[in-house]
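Residue numbers (this note's numbering), protein chains in the order written: chain A, 1 to 218; chain B, 1 to 214.
Keep in mind the hints are simulated off the structure, nothing from the lab. Beta carbons: idealized from backbone N, C-alpha and C, even for Gly. Don't take every hint at face value.
Beyond 12 Å from chain B on every Cβ pair, some chain A residues (computed) [to be verified]:
id	residue
1	I7
2	A8
3	G10
4	V14
5	E31
6	S53
7	T56
8	A96
9	A117
10	K154
11	G180
Here chain B is said to cover these stretches of chain A; the calculated rule only asks that three of the stretch's residues, wherever they fall, bring their Cβ under 8 Å from a Cβ of chain B [claimed, not checked]:
id	stretch
12	136–148
13	164–177
Facing chain B, a subset of chain A residues (Cβ under 8 Å, in silico) [stated by the list, open to error]:
id	residue
14	P70
15	D71
16	Y119
17	H181
18	V182
19	D183
20	G186
21	F188
22	D189
23	P192
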Amino acid sequence: MPRNLKIALGILSVAVLIGLMSLHGLHNRIERLSESQNTEEQARRELLTAPSSAPTDVKEKAEIFWAAGPDRTAPVEVELTLSAEPVRRARQVLHALIENTPSPAQRTLPPSASLLAFYILQDGTAIADFSDALALETPSGILSEELAIESITKTLESNVASLRRLKILIHGQEVDTLAGHVDLTGFFDLNPPGQQTEQPAPSSSQGANPTAPAKSPR
Amino acid sequence: MHTGPLVILDPGHGGADPGARGPNGAVEKESVLLIARIVRVELERQGYRVLMTRYDDSNPSYDDRAATANAHRDAIFISIHVASTGTIGTVHTYYYRFSSALPTVTGVASIPPPAPPGGLGLWEEVQLPYTDASHRFADILELELAQRLPGSPATSSAAPVRELRSVALPAVAVEISSVLVSDPNTLLSMGPPLATSIVRSLQTFRAAGSAGGD
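Can you make the complete structure from the sequences, with help from the hints?
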């Protein structure tokens, strides 16, 4: 075998070996990245879907609005451990709305949906950031989307009196519609004047949360 | 040649957006286009002029649909949808519900009042001055539908249906239940009663002199 050919074959073998090693390393990195993303998403979901409770939280009756037919919701009284602090209280009742549905027929929000974040601005505007599942798995239609929105707004109205309006985000983004019909670019009214009920007074806001306890606009 | 009042029919979805899908093959974008064609034929037979926001499997943006409508005056906009849920054979009618202005600490509305009908206003709030007219037309239409399609509610509902928001005309959405039908052709049988209800309600609405805004 000519010497040049031996050298060329040697170089080619080394190149193939290096290529295989790189490919193996790349594959491992992709796997690790995928695992870390899954773990991160799982950890975030576990953290966010189970609202923390504080020693000051008390057991009380809450009204959660689940479906009472294809086009209306009705309140169901349930006993929950609730905070007096509006942000945590709102997260607790929305968590109950998704997780504690009494029967499949009463479900208004997809079971895989979760509340990623909840903020309250100084003027009483609440911002609820839901996971993609809310938009992807809510049945498409004005009727079904309105039912989903109504269950969220009425549950918040009934349990967090200081809220004035609600903005719904999907995975941190403003989207055109919930599932093709109901407009999410605007706000939903909460506790219109004249319909407000007495609720526990808000305590101090949550730690470093960039929100402020809601206050009455008047 | 049709010389009567103008009706703009808006079959929802289209193209890559199928809308609601049923387990037995019903697809919202297809059903609403066929139903809109049935309604169009009946309206034209009654002397109305009809425009559609789409004539094929295209998907104009919400703004394009609104722009088609806003190029005309003295017209009615009707968006047609098929639901994923609800009692099969019923129809719900909707008009746009805007969020009320958030009061400031002094009680003064924090957003400016809407422009009068026909005036210049924010594109996102163009429907606002037409809300009452849309509500009246929606109630008349729903009453007609309830007579022909038993089980339909007697009054319309307020809902922020995206297509209606930027339409500078009395505008409503009708949603037929539902894609759960065992045979997708069943939905087409809703076309004639829907068309008759629209014709009757247009006559009542116009006779009451409510075609414009408020």
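Hints versus structure:
Non-interface call for A:I7 relative to chain B: holds, since the shortest CB-CB distance, roughly 56 Å, exceeds 12 Å. Chain B leaves A:A8 outside its interface by the beta-carbon criterion, the shortest separation being 52 Å against a cut-off of 12 Å. The claim that A:G10 is not at the interface with chain B holds, since no C-beta of that chain comes within 12 Å of its own (minimum 54 Å). The Cβ of A:V14 lies farther than 12 Å from every Cβ of chain B, with a closest approach of about 49 Å, so its non-interface assignment holds.
With a least CB separation of 33 Å from chain B, A:E31 remains clear of the 12 Å interface cut-off, as annotated. For A:S53, the condition that its CB be more than 12 Å from all CB atoms of chain B holds, with the nearest at approximately 31 Å. With 12 Å as the threshold on Cβ separation, the claim that A:T56 sits away from chain B holds: the shortest Cβ distance comes to roughly 29 Å. Separation of A:A96 from chain B is adequate, the least Cβ-Cβ distance of about 23 Å exceeding the 12 Å criterion.
Non-interface call for A:A117 relative to chain B: holds, since the shortest CB-CB distance, roughly 21 Å, exceeds 12 Å. With a closest Cβ-Cβ approach of about 14 Å to chain B, A:K154 is found to remain outside the 12 Å limit, as its non-interface label requires. Distance to chain B contradicts A:G180 as a non-interface residue, since its nearest Cβ pair spans about 6 Å, not more than 12 Å. Coverage of the stretch 136–148 of chain A by chain B holds [criterion: at least 3 residues with CB-CB distance below 8 Å; count 8].
A stretch counts as covered by a chain when three or more of its residues have a beta carbon under 8 Å from one of that chain; for the stretch 164–177 of chain A and chain B the count is 4, and the coverage holds. Against a cut-off of 8 Å between C-beta atoms, the interface hint on A:P70 holds, since the closest Cβ of chain B lies about 5 Å away. The criterion of a C-beta within 8 Å of any C-beta in chain B is met by A:D71, whose closest approach is roughly 7 Å, and the hint holds. Interface hint status for A:Y119: violated, as the beta-carbon distance to the closest one in chain B is roughly 16 Å, over 8 Å.
The interface hint given for A:H181 holds, since its Cβ lies 6 Å from the closest Cβ of chain B, which is under the 8 Å cut-off. At about 6 Å, the closest approach between the beta carbon of A:V182 and any beta carbon in chain B falls short of 8 Å, and the interface hint on this residue holds. Annotation: A:D183 was flagged as interfacial toward chain B, and the flag holds, the nearest CB pair being 4 Å apart, inside 8 Å. Checking A:G186 against chain B: minimum C-beta separation of about 5 Å stays under 8 Å; hint holds.
About 6 Å separates the beta-carbon of A:F188 from the nearest beta-carbon of chain B, less than 8 Å, and the hint is met. A cut of 8 Å between beta carbons decides the hint on A:D189: the least distance to chain B is about 5 Å, and the hint holds. For A:P192, the shortest C-beta to C-beta distance to chain B is roughly 7 Å, which falls under 8 Å, so the interface hint holds.
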